[in-house]
Amino acid sequence: MTEFIHHIPALIIVIPLLWGFATPLIGRLSKKGMYAWVVTALAITEALTIAQIYLVLTQGTQVYVMGGATYNTTIPPDSGGIPVRIILTVDAFSAFMAFTAATVTLAGGIYSITSEEGTSGESMYYTLLLLMLSGMLGMVMTGDLFNFFVFLEINSLASAGLIAYRVGKGISVEAAFKYAIISSVGALIYLFGVGILYGEYDALNLAMVASRMQFTGLDKVVMALFTVALAMKAGSVPLHYWVPDAYGKAPGAISAILVTASQASLYALFRVCFSLFGLGSNTLTTGWFLISLGLLSMFVGVTMALIQTDIKRLMAYHAISQTGYMLLGVGVGLATLGTAAFSQYGLQAMEGGIFHIINHAMYKGLLFLTAGAVIYRLGTSDLNKMGGLAHNMKYTTVFFMIGALSIAGIPPFNGFASKLMIYESTYLFNPILSIIAIVVSVLTLASFVKVFHSAFMGPKLYDVKEVPKAMLVGMAILTSLIILFGLFPNIAIQYLVGPAAKALANQAAYISSVMGGA
Amino acid sequence: MVGALNTYVTPSGFWNPILWLIAFLISLLLAYIIWSRGEKSYKKETEQVKPFFAGNVIESKERAHVRAHNIYWGFVEALRPYYMALKRIHTGDVNDYVAWFIGVTSFMLIIYFLWGVKP
Amino acid sequence: MLGNLPYITVVIVAGIGIYAMMWKRNLIKVVIGVSLLESAVNLFLVSLGYRAGGVAPIYTNAPSTKMVLPTPQALTLTSIVIGVAVDALLLSFCVVIYRHYGTLDPRKVRRLRG
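Chains as they are written, first to last, in our numbering: chain A, 1 to 518; chain B, 1 to 119; chain C, 1 to 114.
A portion of the hints provided could be inaccurate.
[As the list claims (entries may be wrong)] Here are the simulated DMTMM-like cross-link-like pairs (lysine to aspartate or glutamate), alpha carbons at most 20 Å apart as the crow flies: (1) Lys-460/A - Asp-93/B; (2) Lys-469/A - Asp-382/A; (3) Lys-61/B - Glu-39/B; (4) Lys-32/A - Glu-122/A; (5) Lys-465/A - Glu-62/B; (6) Lys-385/A - Glu-45/B; (7) Lys-24/C - Asp-105/C; (8) Lys-66/C - Asp-202/A; (9) Lys-87/B - Glu-122/A; (10) Lys-108/C - Glu-59/B; (11) Lys-460/A - Glu-59/B; (12) Lys-24/C - Asp-96/B; (13) Lys-460/A - Glu-45/B; (14) Lys-24/C - Asp-93/B.
[To be verified] Far from chain B, some chain A residues (derived; all Cβ distances over 12 Å): (15) Leu-11; (16) Leu-29; (17) His-240; (18) Leu-284; (19) Ile-311; (20) Ile-432; (21) Gly-458; (22) Lys-460; (23) Pro-468; (24) Met-515.
[To be verified] Pairwise CB distance ranges (calculated): (25) Pro-24/A - Arg-88/B: 43 to 49 Å; (26) Thr-91/B - Leu-461/A: 29 to 35 Å; (27) Val-14/A - Leu-77/C: 41 to 47 Å; (28) Trp-20/B - Asp-202/A: 43 to 49 Å; (29) Trp-20/B - Ile-28/C: 42 to 48 Å; (30) Tyr-19/C - Pro-24/A: 28 to 34 Å; (31) Glu-77/B - Leu-218/A: 49 to 55 Å.
Read the hints as simulated data drawn from the structure, not as lab findings. The beta carbon of each residue, even a glycine, is placed where N, CA and C say it ideally should be.
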């Protein structure tokens with residue numbers, strides 16, 4: 001049993017990967033069996049990520065050496081002091097991200113059982129869904145720069161396939177094409193940076209490279225390549241153009257999971273800024289890079305959302321806008337890193353930004369699922385044609401209200417807690433940032449009032465039924481987490497967010513977890 | 001219920017959702033009391049339930065529903081130059097997507113070369 | 001100078017790829033641009049690991065101790081495999097787009113905008 005515990009990081013990646021490839025086989029035997037198979041895989045992954053959080057909290061950062069003689073010999077004795085194998089490095093931040101990704105995918109997977117029922121190639125859908133999950137989990141848990149690229153491509157390819165899943169007269173395919181082009185360009189630019197780092201430092205392990213980092217001119221090139229490519233994958237303005245296309249045209253459950261896929265890139269952006277470059281780089285520059293991207297994303301995202309008439313495209317612009325909050329919070333933390341201000345408010349800003357990641361994954365996931373439910377019943381995503389859905393779809397309406405109130409930061413839902421942390425700490429850093437954040441929050445509420453009014457309120461225009469149970473269960477999972485984190489923010493801050501922020505800020509601990517010593 | 005587990009202490013105060021909920025319920029109760037003592041002449045099944053649209057006659061309830069593209073018309077109209085500029089940027093052309101990416105990368109290359117590393 | 005030739009080639013190929021992606025008005029040509037960028041990165045990785053006069057890193061009892069680095073070759077192989085998958089996916093998207101839109105001009109393939 002104790003031996004098994006140490007293999008959890010590897011199992012979390014391997015289970016969705018292998019079960020995904022087995023899914024079409026099971027699907028040929030029985031449809032019901034396939035659903036059970038997929039949900040079991042998702043549930044096991046979810047359970048393992050929770051176990052992993054417990055493990056990281058009690059035993060500290062976990063390392064797992066792929067193919068090593070023992071699981072934790074990061075530097076084999078005959079390697080000359082270089083971590084030669086692929087190493088998974090799971091600290092509190094990685095464990096936190098893995099939990100977020102697994103939870104949303106679990107909800108999305110259950111939701112898909114009825115929402116994608118009867119479409120052709122259903123078993124491929126679940127294969128790609130599990131591959132996407134595996135890619136995300138790999139991205140957040142790997143400690144190897146090249147390995148990250150591989151998982152990034154696994155995730156991008158699976159996502160592109162899923163975005164195009166409903167061809168929709170070619171429009172979904174157009175969205176998928178744009179997404180695939182831009183993400184493969186981003187991944188190649190990232191790989192170029194990995195090559196430069198390998199040429200300089202003869203290592204691919206993130207901790208190893210960080211410990212050898214010299215900040216030569218080439219490293220500045222790498223900084224630009226890494227930060228911009230990952231910021232683009234995270235969907236921040238002005239590199240956000242693929243987001244409304246991809247999120248807007250994917251099936252409902254996939255849009256929800258794509259949010260966490262973008263967040264896996266956001267994780268990598270933060271990881272690169274903090275753990276790879278860290279205090280050696282000018283944290284004021286990298287910090288303000290994140291802050292300015294955050295401000296642009298927040299403002300442009302929400303103002304573009306306000307004029308949309310397609311329900312999912314509108315929500316996609318909100319996803320951009322909310323990503324801005326995370327960039328703002330963590331950017332303030334990065335800009336103050338290593339100064340006295342960090343313990344004063346920088347750490348709190350980071351906690352707010354990181355807390356917003358999980359909150360955003362939950363409520364935006366929920367909102368995309370409700371949008372999917374509306375489209376499932378009406379067959380259109382045009383807000384102009386909607387109205388009066390609250391008469392029939394009572395549960396969906398309640399779920400939508402909870403999600404909308406949460407994204408607007410209305411207490412007592414979870415969006416409020418994280419936004420409060422960001423407002424308070426950025427106010428100490430620079431009051432203007434905090435004021436912009438609050439204005440954006442107001443505009444967010446305004447545009448969700450628009451959606452709520454035009455889709456759910458008003459006279460009965462359509463005689464539709466409530467969506468089937470499996471879709472409601474998927475939404476209920478996310479809703480219960482929103483309420484839990486809303487009513488007990490300290491549970492999340494104490495066990496998930498606080499350790500994650502501290503782990504991210506502590507570059508030395510990250511390096512020593514792989515390189516040993518300190 | 002009101003304990004350390006759900007009280008988040010911030011530098012300038014604290015946030016407790018349970019206390020907030022209690023306050024919210026009390027204010028709901030107050031609102032209900034005020035409402036219950038209000039206008040008694042409202043009757044269902046009469047003219048009073050019809051939607052009022054600036055004195056115009058409305059043929060049907062369905063047509064009274066304000067559609068999405070009409071909402072915030074004034075706001076968008078007031079910010080017209082801003083929205084025109086934004087719409088011009090969002091071309092949907094895949095060439096432009098790549099161009100923005102390359103452009104921002106080159107911009108950040110310059111920034112990092114100037115101020116990327118602590119002096 | 002001659003030793004830097006691979007790197008100069010990398011820059012030229014990547015430049016052509018980026019040019020194709022930014023200015024070519026045909027989705028197939030955009031895909032070719034992605035493919036060129038892939039080749040440039042692969043060439044870059046392989047030439048990083050090259051040592052003049054080295055042998056392939058596959059011998060246990062090597063004739064000379066000088067070997068080219070194995071890691072970049074492993075990376076390049078992985079990257080090539082991924083690149084093939086990306087190209088195949090992108091081209092199949094092109095096929096479906098052409099079937100539904102009747103054009104591959106990016107100025108016309110933009111029903112999603114605003």
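* Taking each numbered hint in turn, which are not upheld by the structure, reported in ascending numerical order? -> As far as the earlier hints go, 1, 2, 3, 6, 9, 10, 17, 18, 19, 21, 22, 27, 28, 29 and 30 are violated by this structure, in ascending order.
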